[in-house]
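Using the sequences and the hints given, assemble the complete structure.
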Amino acid sequence: MAAAPAGFWSSTRFRGVLYQVMVVAAVVALGGWLVHNTLVNLEIRGIATGFGFLAREAGFGISESWISYSPADSYARALVVGLLNTMVVSAIGIVLATVLGTVVGVARLSGNWLVGKLATLYVEALRNVPLLLQLFVWYGVLTALPGARQALHPLPGIFLSNRGLVIPSLDWSQGWLPAMEIPRLVGFNFIGGLTLSPEFAALLAGLTIYTAAFIAEIVRAGILAVPKGQTEAALSLGLSRGQILRLVVLPQALRVIIPPLTSQYLNIAKNSPLAIAIGYPDLVAVSNTAINQTGQAVEGVALVMAVFLGLSLTLSALMNWYNKRVALVTR
Amino acid sequence: MRIARTLATAIVGSVLALPALAGATLDAVKARGFVQCGVNLGLYGFSAPDDKGNWAGLDVDVCRAVAAALFGDANKVKYTPLSAQQRLPALQAGEVDLLARNTTWTLTRDTANGLDFTTPNYFDGQGFMVSRKLGVKSGKDLDGATICVLPGTTTEQNLADYFRANKMSFKPVVIEKNEELNSAFFSGRCDALSSDASQLAGIRAGQAANPDEWVILPDLISKEPLTPAVRQGDPQWTDVVRWSQYAMIYAEEKGVTSRTVSSSLKSPDPDLQRLLGVTAGNGKALGLDERWAFNIIMQVGNYGESFERNVGKESRLKLDRGLNALYTNGGLMYAMPPR
Chain A
0 MAAAPAGFWS STRFRGVLYQ VMVVAAVVAL GGWLVHNTLV NLEIRGIATG
50 FGFLAREAGF GISESWISYS PADSYARALV VGLLNTMVVS AIGIVLATVL
100 GTVVGVARLS GNWLVGKLAT LYVEALRNVP LLLQLFVWYG VLTALPGARQ
150 ALHPLPGIFL SNRGLVIPSL DWSQGWLPAM EIPRLVGFNF IGGLTLSPEF
200 AALLAGLTIY TAAFIAEIVR AGILAVPKGQ TEAALSLGLS RGQILRLVVL
250 PQALRVIIPP LTSQYLNIAK NSPLAIAIGY PDLVAVSNTA INQTGQAVEG
300 VALVMAVFLG LSLTLSALMN WYNKRVALVT R
Chain B
0 MRIARTLATA IVGSVLALPA LAGATLDAVK ARGFVQCGVN LGLYGFSAPD
50 DKGNWAGLDV DVCRAVAAAL FGDANKVKYT PLSAQQRLPA LQAGEVDLLA
100 RNTTWTLTRD TANGLDFTTP NYFDGQGFMV SRKLGVKSGK DLDGATICVL
150 PGTTTEQNLA DYFRANKMSF KPVVIEKNEE LNSAFFSGRC DALSSDASQL
200 AGIRAGQAAN PDEWVILPDL ISKEPLTPAV RQGDPQWTDV VRWSQYAMIY
250 AEEKGVTSRT VSSSLKSPDP DLQRLLGVTA GNGKALGLDE RWAFNIIMQV
300 GNYGESFERN VGKESRLKLD RGLNALYTNG GLMYAMPPR
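Protein sequences, first through last, are from chains A and B.
Numbering-wise, the first sequence is residues 0 to 330 according to numbering that gives the first Met the number 0.
Numbering-wise, the second sequence is residues 0 to 338 according to numbering that gives the first Met the number 0.
Derived by calculation from the structure, the hints in this document are not laboratory data.
Values in this document were obtained by computation on a predicted structure and should not be read as measured data.
Built from N, CA and C at the ideal position, the CB exists for glycine as well.
Where hints are given, some of them may not hold.
[As the list claims (entries may be wrong)] Incomplete in silico selection of chain B near chain A, CB under 8 Å:
{"hint": "1", "residue": "GLY113"}
{"hint": "2", "residue": "GLN231"}
{"hint": "3", "residue": "GLY232"}
Shown next, in the form of structure tokens:
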């Protein structure tokens with residue numbers, strides 16, 4: 000019996016492509032059907048759909064904002080206020096956690112017994128307690144400070160109370176020279192100056208201290224990955240301990256450190272919505288209120304997911320670019 | 000091919016899982032044998048487990064009344080505790096048949112959110128609680144204050160509206176969990192706590208170390224008609240819940256209580272005979288047993304009994320009837336005639 004003629008359908012390559020196309024088509028069809036089904040059912044139940052609500056007046060207050068905001072502004076602006084709050088706390092958290100994590104990571108390798116043990120204690124205690132509980136602790140500590148009228152007053156113009164830390168600020172609106180704006184207690188609260196709210200401080204402290212414990216381990220692993228010969232060679236060149244760390248070990252360790260560090264940075268951004276438990280108005284907290292007032296949960300959640308995805312991908316892309324730069328150049 | 004088969008199964012599965020629509024709720028609940036009722040996670044007086052672990056409260060009594068009307072047994076209820084944010088989606092998606100969870104009847108919820116409201120079971124209003132030491136006498140004195148508020152309610156918007164209308168400023172501290180919010184308030188993070196006045200009374204009675212140190216200001220800044228809700232588009236089920244509530248109010252109007260309802264069966268009053276099913280007709284019209292109202296009053300009591308037991312004189316909240324008195328006593332409780 001003669002062999003069947005080899006048609007293009009019996010080619011492995013063709014079938015491979017065909018299966019992939021089929022799978023992609025099925026996934027797209029499933030996604031499309033889910034969206035369609037949701038829309039149809041929302042329609043049947045008379046639930047409003049679409050993003051028209053973004054232009055409507057928000058009508059609720061937000062405690063802290065980096066841009067001007069009042070309840071008369073739109074939902075879109077309220078969400079931007081929330082997004083900026085998320086980005087600020089994540090950005091500062093990333094910087095502080097990196098510094099603290101590096102210090103603790105180096106300390107774990109210290110020849111000093113006490114320093115090494117303290118660093119180990121820090122890492123083991125903090126990375127093994129859920130972040131949410133740590134946030135409650137920080138918030139509890141900060142709100143246990145004295146009230147506004149009994150505020151601690153260590154230096155002129157600086158007040159520490161359960162309303163936060165209030166410091167003088169510079170006012171540039173009065174002509175060329177900045178005027179010093181000294182906060183003072185008027186009625187219920189401090190007027191003027193810069194306020195660091197307990198909610199912001201608690202969230203920042205929680206995110207920083209928790210994530211630093213993980214970063215410390217990554218830094219330690221990165222340093223240990225640098226061959227001992229490098230240190231010995233540097234020593235024989237007469238470099239000091241500090242110089243060896245800065246000039247020889249850390250630059251090489253960075254290559255190992257950067258990829259897992261990216262995950263930790265993403266974790267900071269993704270853990271920031273826990274803010275809702277302690278009242279910091281981040282994107283998720285603001286969108287929750289918006290969802291509740293408009294009843295448009297599907298749109299609101301989709302928006303938040305898209306924004307977080309965008310944030311994470313951007314962060315990831317930046318870190319990958321940096322990773323390429325520090326990667327070992329093969330010649 | 001296995002992937003393709005898995006996908007096919009997933010698609011067929013989700014098609015079959017499409018929720019049932021319009022008109023079927025009463026039959027579905029009867030066939031299931033219990034009412035699935037959405038309630039508060041724990042609000043003393045409205046819905047909270049008592050010391051024996053049974054749910055009790057003014058809202059819980061609505062669930063119990065509907066169960067008594069359907070099954071002749073007020074205990075045939077399963078409770079789904081819901082947060083403020085979960086409650087509307089849970090009802091919309093069909094996870095609960097009935098939402099009795101101190102929910103304000105508003106235009107948006109009644110229309111764009113696909114809900115129908117039955118009739119208010121508590122007329123409330125948003126107020127402020129402050130420390131007595133603050134010496135604040137009215138909401139108008141709160142310019143510049145920091146105010147603790149729970150998200151996921153109409154509360155945040157009312158608060159902003161009130162301060163805008165009075166040209167005052169405030170700072171909200173919005174915390175999702177009740178306990179965290181209350182402890183932040185009691186520790187002095189905020190100058191005032193804003194919520195429905197009935198809730199403030201519950202929080203003060205239940206969580207303040209010394210309830211006398213806290214005052215609830217007399218001004219109410221909003222109307223909060225707390226009303227049970229059902230999904231839009233099933234008028235029969237809406238009727239069942241609404242008339243279960245009316246039966247309780249009507250019983251109070253007629254002076255019938257859980258203790259006297261049995262003897263009322265012999266009453267010559269034709270209105271009572273119709274309500275209690277001595278004269279048949281109402282039950283059939285609602286798709287229920289003719290004894291539906293009798294069972295409600297017997298097992299749950301009339302509205303006044305439910306009020307006093309849960310939030311009134313016999314409870315820790317000690318709330319006055321106020322707006323929730325019968326219309327004959329200057330309140331707003333008025334049952335449509337069951338005939």
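> Are there hints from earlier that the structure breaks, and if so, what are their numbers?
Replying inline: none
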